[in-house]
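K.L.:
Chain L is fixed; fit chain W onto it per the hints.
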Amino acid sequence: GAVVSQHPSWVICKSGTSVKIECRSLDFQATTMFWYRQFPKQSLMLMATSNEGSKATYEQGVEKDKFLINHASLTLSTLTVTSAHPEDSSFYICSARAPGRGETQYFGPGTRLLVL
Amino acid sequence: DAKTTQPTSMDCAEGRAANLPCNHSTISGNEYVYWYRQIHSQGPQYIIHGLKNNETNEMASLIITEDRKSSTLILPHATLRDTAVYYCIVKTNDYKLSFGAGTTVTVRA
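Listed in order, the protein sequences are those of chains L and W.
So in our numbering, spot 14 of the first sequence is number 14, and the numbers just go up one at a time.
So in our numbering, spot 104 of the second sequence is number 104, and the numbers just go up one at a time.
Worth flagging that the hints you see were computed from the coordinates, not collected in a lab.
Note that beta-carbon positions come from the ideal geometry of N, C-alpha and C, so glycine has one too.
Careful: at least some of the hints might be erroneous.
Stated by the list, open to error - Some chain W residues judged to face chain L by a derived CB distance under 10 Å, without partners named:
id, residue
1, Q38
2, P44
3, A101
Pulled out of the complex, with its shape left as it was, chain L reads as follows (with noise of 0.2 Å):
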């Protein structure tokens, strides 16, 4: 149980163009969903959490316009990455946070996105 899935597993996109992340947990509802990045040799930094009808809060320095999240249902959570371009080209992974397991973090795949 506690399985979570990523959509695509890696995207290529050409500098401008914007690029929709999709995050599902499958078998269990999540209330609160986390947008994480990871850069290479580096470890995960959280982007956002992501509330159920609710806007997303930002941690500080992310772009809340660049990086547009939405949780409309208790399942999905999408991340937009808009205007993509190089800088932006990282490791992209999601998390949900199940309730009834100690609030335990289980996380997606991840999301490779390299913009050219």
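P.N.:
Chain W alone, transformed into the frame defined by chain L:
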């Protein structure tokens, strides 16, 4: 959240127990100890967590000292697939996970 200190890296032999230490001397009474691991190019995988008592599941055992200032994650029979970066994180249940550098564990045949 309390900060943790972990060794940068460690090697262990396949088939032997791997003992991963973590210091968290400033942990608060309501903070849990969580362990995750990240295999190369994958999302982190939850391993185990605990508050005061020792915990065991199908993946590992977590031993927390009585004063809760340190803990040890035990992988009972390490395999090559256990090669990963292991993160020890302390936090309250309703707070965010904060990932440090972790311990890079290499299991050797």
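K.L.:
Against each hint, give a clear statement of whether it holds in the structure.
P.N.:
Evaluation of the provided hints:
Interface hint status for W:Q38: upheld, as the beta-carbon distance to the closest one in chain L is roughly 8 Å, under 10 Å. Of the supplied interface hints, the one on W:P44 holds, with its beta-carbon coming within about 5 Å of a beta-carbon of chain L, less than 10 Å. A least Cβ separation of about 6 Å between W:A101 and chain L falls short of the 10 Å threshold, and the interface hint therefore holds.
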